[in-house]
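Asker: For reference, the chains in residue letters:
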Amino acid sequence: MTDRLVSQIQNHLPNIPVQVVSQGAEALVFQTSVHPYIDKPYLKNQGKYIIKYRPSKPYRHPTIDASITKNRTIGEVKFMNKLTKLGINAPSVISADYNRGIIWMEFLGTELTNGDISSLKNWLWYLEKNESKEKCLNDQVQSVCRKVGKLIGKLHLNDMIHGDLTSSNIILEDFEPALIDFGLSSYSGLSEDKAVDLYVLERAILSTHSVFSDHYNQWLLEGYEEIHKEFSKQGGTKKYVETYRKLEDVRLRGRKRSMLG
Amino acid sequence: MTVDLDKYAKPGKDHYIALGLEGSANKLGVGVIRHNLGQLSSNNRAQVLSNVRDTYITPPGEGFLPRDTARHHRNWVVRIIKRALIDAKIKGTDIDCICFTQGPGMGAPLQSVVIAARTLAQLWGDIPLVGVNHCIGHIEMGREITGADNPVVLYVSGGNTQVIAYSKQRYRIFGETLDIAIGNCLDRFARTLKIPNEPAPGYNIEQMAKKGKHLINLPYTVKGMDLSMSGILGYIDQLAKEMFGKQAKKVVDETTGEPITAEDLCFSLQEILFSMLVEITERALAHVNSNQVLIVGGVGSNERLQEMMKLMIQDRKNGQIYATDERFCIDNGIMIAHAGLLSYRTGQTNDIKDTVCTQRFRTDEVFIKWRDD
Amino acid sequence: MGYAVKSFAQFPQFQVFIALFADVRSETLSTVKSELVGANKQYDYCFLNTNHLVSVEQLYSSIYRSISNFVNETMRAKTLNTEIIFNLAPINNIMDALKRFGVDESCNNVIVIKVINSHDVVDNTFDNEFTNLLSLLEVSESSSIELSDNILFSLVNIPKLKKLFKLNDANYSNDTSHLQAELTRLTIGAALLRGC
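Chains as they are written, first to last, in our numbering: chain A, 4 to 264; chain B, -3 to 369; chain C, 992 to 1187.
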């Protein structure tokens, strides 16, 4: 179980104290207080770092397993590095061991008043639980939602697809959103793929923040539109119209295409 | 579950009996099931009174064509039904409802079987007809046989590859093939290698794969929770044609230098395809926070697939795997009878005019009235 | 000024000697180069020029990965010294990496690194290394300067670095005080993805 995987990572990274943050199907995410090679790195947070670990899967043939682990780890580092290069908010890579499926990266986010990490989900939940309706829909919430929309817009304008957009995969750092978790990311210029990316987020917002989801989703889309208009000269407006039209299609039919049996 | 399942019982009877007819592909199956009144539970299991099947087998290198398969079903359907009734020791008039596969599947074979269902319904004096989604048949039978209450279902057969989980009265598809089905992929490769179709091409590939030891490099194409298999098939098909065709190309293993055999190809194909299946199943488990997996469909009887799934599930807390044997894994009539009877017990029947079959029929189109969890 | 000794939490079995020397004569560098080619044991160090080094973090990142590769037996270069140079580079060719990051007669600032097994460290190990280097590089103690981000940033050749790491099209903030941080992130990323 998890214990086996934790002891694996401790074997790979001796003397590095790790704490499990989350476990998905493919990877485990740990937090650590130790930077692998420098005390004061050029990162937003010092003294807190993230380690993402793709353990080997016992069910896979060792050759297949090694190649998948390596390729996915490289792919994720590549995607993140491209984001850094483009100035799209996301954690920076600190180091990586492709063969063992390990990525060290920047820790983003702060602690909310209730001690939870400042993901968009936790922040909205905190407001929804503790604050009035007015406060939940105030200018700050609106501004954050728009910024998230802009952020995703920037991603799509560069033909990059996140693949798993949810409110927990968006982290707020001083109310500036950043994207995390690029395990399902890909590259595509197709409006269909971008629309599905948006639709996944829309559904996630609907299911996790149902009370005000209409407002949140509307602001997200407004931000998404806004950034496309800023890049109108590079065909942004046209791309927005195409993606929006596709999004309407996808909403009608759901994420899946209708297909034979 | 609190759905009332006893409203439609015949007066004075303490049970229901349903006949199920399945013929969506090359298997013609007829089964008779009995449900005693009350909720199904570990103390009140559905009883299989009979489960008869005949498979249309084609020569090596050939697949089954719709027209020929339909002819096979027409030729055999009366005999198989008679056998099923004799095995079950019942008469036609004991039956509460006649269930048939309404889709998805091949058009002509589906139609040949629904005609039999309609005929019987009228012959025996207006017995209600119930159309059943083939995939739902597999899922419900799998749950009943294994006792898995709310599993993530991997449905793998000749025509289908889906990862399914139940939510709010629908079996929702979390991941599926973007092109061809797993069984189709294996069958077509068996044809390229001219492997016999008796008892089943997939079974013969499995036996050959057991003797394979060298892994050849194949693409791995999982896309989120979906997967694609046509590229892999195209690649290995081409390689097999070069190796065993006129060219007689020699391919050796990169590390040992030993020659690659047909067994190695079967082994490699299975390893890569099953890795992909297990991966998307694990993703779905994480997504819905479940720890039970139920494998259904013909390919589900593959031992290597079951083994890999076991290895995956061991790494999850309280993980459980459920699989059925070939009687229920491979297409059969009893699963149609069972799922159809569940539907019937909630008042769902089809008028004759609504018994038209459909080749496309998605699992998530069916409203699961008999569950309310 | 002397030298620094660095160690990594993950690898307590190693200690890393690091020193920076300014004003090393070109002729001396020529000699160093040929002695390295001849694999003279006296010259068993990793020598770097400072043209493409923007921060200590960038340098440490490479040393860390190199030790990790050494321990896991996944080094691409023959020696740990060369591995450190190779892991700095964004290009997947060891000779090319040596040319860009190794001893360069046209750059008189030299960083010297040696990874030493902790078991072999005695009281005067590092002092001895330092003295040896003063004589190899034919410099006095006064040419040894502190290895810091400020110094490195004053020595780096930014246009060359941007060109080598293909960073001319990257997005930089308008506030130039962030440049060292941004280049640190980008050079580390590019080196990590070398050949991928």
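What the hints contain is simulated information worked out from the structure, not anything from laboratory work. Idealized CB from N, CA, C, for every residue including glycine. Check before you lean on any hint, since a few could be wrong.
Stated by the list, open to error - Pairs of lysine-lysine residues, derived as DSBU-like cross-links and limited to a Cα-Cα distance of at most 35 angstroms, are as follows:
hint, chain 1, residue 1, chain 2, residue 2
1, A, 124, A, 47
2, A, 73, C, 1153
3, C, 1151, A, 47
4, A, 88, C, 1154
5, A, 81, C, 1153
6, A, 47, B, 207
7, A, 236, C, 997
8, C, 1090, A, 85
9, C, 1032, A, 85
10, A, 241, C, 1153
11, C, 1153, A, 242
12, A, 88, C, 1032
13, A, 43, C, 1153
14, A, 81, C, 1032
15, B, 365, A, 249
16, B, 219, A, 236
17, B, 164, A, 138
18, A, 73, C, 1157
19, B, 365, A, 73
20, A, 232, C, 1090
21, B, 219, A, 88
22, A, 73, C, 1090
23, B, 313, B, 242
24, C, 997, A, 47
25, A, 85, B, 190
26, A, 73, B, 306
27, C, 1032, A, 51
28, A, 236, C, 1090
29, A, 73, C, 997
30, A, 43, C, 1157
Said to hold, decoys possible - Every beta carbon over 10 angstroms from chain B, so not counted as near; a handful from chain A, in silico:
hint, residue
31, 7
32, 63
33, 70
34, 117
35, 233
36, 248
Asker: If a hint holds in the structure, say so; if it does not, say that too.
Answerer: Hints versus structure:
Distance hint between residue 124 (chain A) and residue 47 (chain A) is fulfilled; the C-alpha atoms sit about 21 angstroms from each other, no more than 35 angstroms. A threshold of 35 angstroms between alpha carbons decides the hint, and for residue 73 (chain A) with residue 1153 (chain C) the separation of about 28 angstroms falls inside it, so the pair holds. Restraint check: the Cα-Cα separation between residue 1151 (chain C) and residue 47 (chain A) comes to about 27 angstroms, which is no more than 35 angstroms; the hinted pair holds. For the proposed pair residue 88 (chain A) and residue 1154 (chain C), the alpha carbon gap of about 14 angstroms is at most 35 angstroms, so the pair holds.
At roughly 18 angstroms between alpha-carbon atoms, residue 81 (chain A) and residue 1153 (chain C) fall within 35 angstroms of each other, so this suggested pair holds. In summary, the hint linking residue 47 (chain A) to residue 207 (chain B) is not supported, as the alpha carbons are separated by about 55 angstroms, beyond the 35 angstroms threshold. With a CA separation close to 51 angstroms, the supplied pair residue 236 (chain A) and residue 997 (chain C) exceeds the 35 angstroms bound. Annotation: proposed proximity of residue 1090 (chain C) to residue 85 (chain A) holds, straight-line Cα distance about 27 angstroms (limit 35 angstroms).
This hinted pair does not check out: residue 1032 (chain C) and residue 85 (chain A) have alpha carbons roughly 42 angstroms apart, beyond 35 angstroms. In summary, the hint linking residue 241 (chain A) to residue 1153 (chain C) is supported, as the alpha carbons are separated by about 34 angstroms, within the 35 angstroms threshold. Our distance criterion of 35 angstroms between C-alpha atoms is met by residue 1153 (chain C) and residue 242 (chain A), whose separation comes to about 32 angstroms. Distance check on the hinted pair: residue 88 (chain A) and residue 1032 (chain C) sit about 41 angstroms apart at the alpha-carbon level, beyond 35 angstroms; violated.
Of the pairs offered as hints, the one joining residue 43 (chain A) and residue 1153 (chain C) holds, with about 24 angstroms between alpha carbons and a cut-off of 35 angstroms not exceeded. Taking the CA atoms of residue 81 (chain A) and residue 1032 (chain C), the gap is about 39 angstroms. The hint is violated against a cut of 35 angstroms. In summary, the hint linking residue 365 (chain B) to residue 249 (chain A) is supported, as the alpha carbons are separated by about 33 angstroms, within the 35 angstroms threshold. A C-alpha spacing of about 33 angstroms is found between residue 219 (chain B) and residue 236 (chain A), which places the hinted pair at or below 35 angstroms, so the restraint holds.
Of the pairs offered as hints, the one joining residue 164 (chain B) and residue 138 (chain A) holds, with about 33 angstroms between alpha carbons and a cut-off of 35 angstroms not exceeded. About 24 angstroms separates the Cα atoms of residue 73 (chain A) and residue 1157 (chain C), which keeps this hinted pair within 35 angstroms; it holds. For the proposed pair residue 365 (chain B) and residue 73 (chain A), the alpha carbon gap of about 46 angstroms is over 35 angstroms, so the pair is violated. Distance hint between residue 232 (chain A) and residue 1090 (chain C) is unfulfilled; the C-alpha atoms sit about 46 angstroms from each other, more than 35 angstroms.
Straight-line distance between C-alpha atoms of residue 219 (chain B) and residue 88 (chain A) comes to about 25 angstroms, which keeps the hinted pair within the 35 angstroms bound. The suggested pairing of residue 73 (chain A) with residue 1090 (chain C) holds, with an alpha-carbon distance near 29 angstroms, which does not exceed 35 angstroms. The suggested pairing of residue 313 (chain B) with residue 242 (chain B) is violated, with an alpha-carbon distance near 52 angstroms, which exceeds 35 angstroms. Pair hint residue 997 (chain C) plus residue 47 (chain A) holds up; C-alpha atoms about 23 angstroms apart against a cutoff of 35 angstroms.
Note on residue 85 (chain A) and residue 190 (chain B): the hinted pairing is violated, with a Cα-Cα distance of about 48 angstroms set against a maximum of 35 angstroms. With a C-alpha separation of about 24 angstroms, the suggested pairing of residue 73 (chain A) with residue 306 (chain B) holds against the 35 angstroms cut-off. For the given pair, residue 1032 (chain C) sits about 41 angstroms from residue 51 (chain A) by alpha-carbon distance, which is inconsistent with the 35 angstroms threshold. With a C-alpha separation of about 42 angstroms, the suggested pairing of residue 236 (chain A) with residue 1090 (chain C) is violated against the 35 angstroms cut-off.
A hinted pair counts as satisfied when its Cα atoms are at most 35 angstroms apart, and residue 73 (chain A) with residue 997 (chain C) qualifies at roughly 30 angstroms. Distance hint between residue 43 (chain A) and residue 1157 (chain C) is fulfilled; the C-alpha atoms sit about 26 angstroms from each other, no more than 35 angstroms. Against chain B, the non-interface label of residue 7 (chain A) is violated: not every CB pair exceeds 10 angstroms, the least being about 7 angstroms. Residue placement check: residue 63 (chain A) does not keep its beta carbon more than 10 angstroms from all beta carbons of chain B (closest about 5 angstroms).
The beta carbon of residue 70 (chain A) is not kept farther than 10 angstroms from every beta carbon of chain B, the shortest such distance being approximately 8 angstroms. At roughly 23 angstroms from the closest C-beta of chain B, the C-beta of residue 117 (chain A) stays outside 10 angstroms, upholding its exclusion from the interface. The non-interface label for residue 233 (chain A) is consistent with chain B: the shortest C-beta to C-beta separation is roughly 30 angstroms, beyond 10 angstroms. A cut-off of 10 angstroms between C-beta atoms confirms that residue 248 (chain A) is not in contact with chain B; the least separation is 22 angstroms.
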